[in-house]
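K.L.:
Just so it is clear: in the sequence shown, position 2 is 2 by the numbering used here, and no numbers are missing.
Mixed in with the good hints, there may be bad ones.
DEER-style ranges, computed between Cβ atoms [as the list claims (entries may be wrong)]: (1) Val15 with Leu109: 37 to 45 Å; (2) Ala96 with Val47: 18 to 26 Å; (3) Val70 with Val47: 17 to 25 Å; (4) Gly31 with Ile104: 15 to 23 Å; (5) Glu51 with Pro85: 28 to 36 Å; (6) Pro85 with Pro44: 28 to 36 Å; (7) Ala96 with Met10: 30 to 38 Å; (8) His107 with Met10: 45 to 53 Å; (9) Asn9 with Phe97: 32 to 40 Å; (10) Leu92 with Val40: 24 to 32 Å; (11) Leu52 with Asn8: 45 to 53 Å; (12) Gln55 with Asn9: 43 to 51 Å; (13) Ala102 with Ile37: 15 to 23 Å.
Derived SDA-like pairs (lysine to any residue); straight-line CA-CA distance at most 25 Å [as the list claims (entries may be wrong)]: (14) Lys62 with Ala99; (15) Lys62 with Leu33; (16) Lys88 with Gly31; (17) Lys62 with Met25; (18) Lys62 with Cys101; (19) Lys62 with Gly38; (20) Lys88 with Glu12; (21) Lys62 with Gly105; (22) Lys62 with Leu34; (23) Lys62 with Leu52; (24) Lys13 with Thr30; (25) Lys13 with Leu74; (26) Lys88 with Met25; (27) Lys88 with Leu14; (28) Lys88 with Gly77; (29) Lys88 with Val66; (30) Lys88 with Phe64; (31) Lys62 with Pro24; (32) Lys13 with Gly82; (33) Lys88 with Val67; (34) Lys62 with Gln108.
Hints were generated in silico from the structure; no laboratory data involved. As the structure is a computational prediction, the values presented were derived from the model and not from experiment. Note that the Cβ used here is the ideal one computed from N, Cα and C, for glycine as well.
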Amino acid sequence: IQYRQNINNMSEKLVTALKYMCAPMALAGTGCLLMGIGIVPADPDLVTLAELFIQPLHIPVKPFFVVLGVSKILAIGKLTFGVGPLPKSVALGGLAFAASCAAIGHHQLG
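Make the full structure from the sequences, and use the hints.
P.N.:
Shown next, in the form of C-alpha coordinates:
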(Lines of atoms letter the chains of each structure in order from A and count residues from 1; the text may use other names and numbers.)
(Lines give C-alpha, C1' and ligand atoms only; values in the text may rest on other atoms or scores of the structure.)
Protein backbone atom coordinates (compact mmCIF):
# COMPACT_ATOMS: atom_id res chain seq x y z
CA ILE A 1 0.00 0.00 0.00
CA GLN A 2 2.84 2.39 0.87
CA TYR A 3 4.47 1.68 -2.52
CA ARG A 4 1.26 2.54 -4.38
CA GLN A 5 0.92 5.82 -2.43
CA ASN A 6 4.51 6.75 -3.30
CA ILE A 7 3.88 6.05 -7.00
CA ASN A 8 0.67 8.12 -6.97
CA ASN A 9 2.46 10.97 -5.20
CA MET A 10 5.31 10.89 -7.74
CA SER A 11 2.81 10.78 -10.62
CA GLU A 12 1.02 13.86 -9.30
CA LYS A 13 4.32 15.71 -8.98
CA LEU A 14 5.34 14.71 -12.52
CA VAL A 15 2.02 15.93 -13.96
CA THR A 16 2.39 19.24 -12.09
CA ALA A 17 5.97 19.66 -13.32
CA LEU A 18 4.95 18.96 -16.93
CA LYS A 19 2.05 21.43 -16.75
CA TYR A 20 4.40 23.98 -15.24
CA MET A 21 7.03 23.56 -17.96
CA CYS A 22 4.42 23.78 -20.73
CA ALA A 23 2.76 26.97 -19.50
CA PRO A 24 3.47 29.55 -22.25
CA MET A 25 4.89 32.23 -19.95
CA ALA A 26 7.05 29.64 -18.21
CA LEU A 27 8.37 28.61 -21.63
CA ALA A 28 9.26 32.23 -22.33
CA GLY A 29 10.95 32.43 -18.94
CA THR A 30 12.86 29.24 -19.65
CA GLY A 31 13.99 30.69 -22.98
CA CYS A 32 15.22 33.87 -21.30
CA LEU A 33 17.03 31.84 -18.66
CA LEU A 34 18.72 29.64 -21.28
CA MET A 35 19.80 32.73 -23.26
CA GLY A 36 21.13 34.33 -20.10
CA ILE A 37 23.31 31.38 -19.15
CA GLY A 38 24.49 30.91 -22.73
CA ILE A 39 22.93 27.55 -23.60
CA VAL A 40 20.78 29.10 -26.33
CA PRO A 41 22.05 31.98 -28.49
CA ALA A 42 20.47 35.30 -27.57
CA ASP A 43 17.83 36.47 -30.03
CA PRO A 44 19.09 39.76 -31.55
CA ASP A 45 15.59 41.27 -31.63
CA LEU A 46 15.04 40.44 -27.96
CA VAL A 47 18.45 41.89 -27.08
CA THR A 48 17.58 45.12 -28.91
CA LEU A 49 14.26 45.28 -27.10
CA ALA A 50 15.84 44.66 -23.69
CA GLU A 51 18.61 47.21 -24.27
CA LEU A 52 16.03 50.00 -24.45
CA PHE A 53 15.53 49.54 -20.71
CA ILE A 54 18.78 48.14 -19.38
CA GLN A 55 21.37 50.14 -21.32
CA PRO A 56 20.68 53.42 -19.46
CA LEU A 57 21.15 51.50 -16.20
CA HIS A 58 24.39 49.85 -17.44
CA ILE A 59 23.03 46.35 -16.82
CA PRO A 60 24.53 43.57 -18.98
CA VAL A 61 22.06 41.65 -21.14
CA LYS A 62 22.86 38.10 -20.01
CA PRO A 63 22.36 38.63 -16.26
CA PHE A 64 19.19 40.57 -17.07
CA PHE A 65 17.85 37.59 -19.04
CA VAL A 66 18.67 35.25 -16.15
CA VAL A 67 16.76 37.42 -13.66
CA LEU A 68 13.86 37.94 -16.07
CA GLY A 69 13.62 34.24 -16.87
CA VAL A 70 13.72 33.08 -13.26
CA SER A 71 11.20 35.76 -12.29
CA LYS A 72 8.76 34.63 -14.97
CA ILE A 73 9.15 30.98 -14.02
CA LEU A 74 8.57 31.68 -10.32
CA ALA A 75 5.63 33.98 -11.03
CA ILE A 76 3.89 31.41 -13.24
CA GLY A 77 4.49 28.76 -10.61
CA LYS A 78 2.73 30.91 -8.03
CA LEU A 79 -0.13 32.13 -10.21
CA THR A 80 -0.86 28.90 -12.08
CA PHE A 81 -0.09 26.24 -9.51
CA GLY A 82 0.03 28.11 -6.21
CA VAL A 83 3.61 27.02 -5.53
CA GLY A 84 6.78 29.02 -5.06
CA PRO A 85 8.27 31.69 -2.86
CA LEU A 86 6.69 34.77 -4.46
CA PRO A 87 3.62 36.40 -2.96
CA LYS A 88 0.77 36.55 -5.47
CA SER A 89 0.86 40.37 -5.64
CA VAL A 90 4.58 40.35 -6.45
CA ALA A 91 4.06 37.69 -9.14
CA LEU A 92 1.23 39.67 -10.77
CA GLY A 93 3.18 42.93 -10.58
CA GLY A 94 6.30 41.38 -12.05
CA LEU A 95 4.48 39.85 -15.00
CA ALA A 96 2.56 43.08 -15.62
CA PHE A 97 5.81 45.08 -15.51
CA ALA A 98 7.53 42.71 -17.95
CA ALA A 99 4.56 42.84 -20.34
CA SER A 100 4.43 46.64 -20.11
CA CYS A 101 8.13 46.94 -20.89
CA ALA A 102 7.71 44.62 -23.87
CA ALA A 103 4.76 46.65 -25.18
CA ILE A 104 6.67 49.93 -24.82
CA GLY A 105 9.75 48.44 -26.49
CA HIS A 106 7.78 47.05 -29.42
CA HIS A 107 6.06 50.41 -29.85
CA GLN A 108 9.37 52.32 -29.80
CA LEU A 109 11.08 49.91 -32.20
CA GLY A 110 8.12 49.87 -34.58
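K.L.:
Indicate, hint by hint, whether the structure satisfies it.
P.N.:
Here's how the hints hold up against the structure:
1. Val15 with Leu109: 37 to 45 Å: holds, 39 Å
2. Ala96 with Val47: 18 to 26 Å: Hint holds: Cβ distance 23 Å, inside 18 to 26 Å.
3. Val70 with Val47: 17 to 25 Å: At 18 Å between Cβs, range holds.
4. Gly31 with Ile104: 15 to 23 Å: holds, 20 Å
5. Glu51 with Pro85: 28 to 36 Å: Given a distance of about 29 Å, which is inside 28 to 36 Å, the answer is holds.
6. Pro85 with Pro44: 28 to 36 Å: holds, 33 Å
7. Ala96 with Met10: 30 to 38 Å: Because 35 Å falls inside the window, the suggested range holds.
8. His107 with Met10: 45 to 53 Å: holds, 46 Å
9. Asn9 with Phe97: 32 to 40 Å: holds, 36 Å
10. Leu92 with Val40: 24 to 32 Å: 27 Å Cβ-Cβ, so the 24 to 32 Å window holds.
11. Leu52 with Asn8: 45 to 53 Å: holds, 49 Å
12. Gln55 with Asn9: 43 to 51 Å: About 48 Å separates the Cβ atoms of Gln55 and Asn9, which means 43 to 51 Å holds.
13. Ala102 with Ile37: 15 to 23 Å: Since Ala102 and Ile37 have Cβ atoms about 21 Å apart, the given range 15 to 23 Å holds.
14. Lys62 with Ala99: holds, 19 Å
15. Lys62 with Leu33: holds, 9 Å
16. Lys88 with Gly31: holds, 23 Å
17. Lys62 with Met25: holds, 19 Å
18. Lys62 with Cys101: holds, 17 Å
19. Lys62 with Gly38: Given that 25 Å is the threshold and the Cα spacing comes to 8 Å, the pair holds.
20. Lys88 with Glu12: holds, 23 Å
21. Lys62 with Gly105: Within the cut-off at roughly 18 Å; holds.
22. Lys62 with Leu34: holds, 10 Å
23. Lys62 with Leu52: Roughly 14 Å between the alpha carbons, so the hint for Lys62 and Leu52 holds.
24. Lys13 with Thr30: holds, 19 Å
25. Lys13 with Leu74: Between Lys13 and Leu74 the Cα gap is close to 17 Å, so the pair holds against 25 Å.
26. Lys88 with Met25: holds, 16 Å
27. Lys88 with Leu14: holds, 23 Å
28. Lys88 with Gly77: At roughly 10 Å apart (the allowed maximum being 25 Å), Gly77 and Lys88 satisfy the hint.
29. Lys88 with Val66: At roughly 21 Å apart (the allowed maximum being 25 Å), Val66 and Lys88 satisfy the hint.
30. Lys88 with Phe64: holds, 22 Å
31. Lys62 with Pro24: holds, 21 Å
32. Lys13 with Gly82: OK: Lys13 and Gly82 at ~13 Å, within 25 Å.
33. Lys88 with Val67: holds, 18 Å
34. Lys62 with Gln108: Satisfied, since the Cα-Cα distance of roughly 22 Å is no more than 25 Å.
Checked against the numbered hints given earlier, the structure satisfies every one of them.
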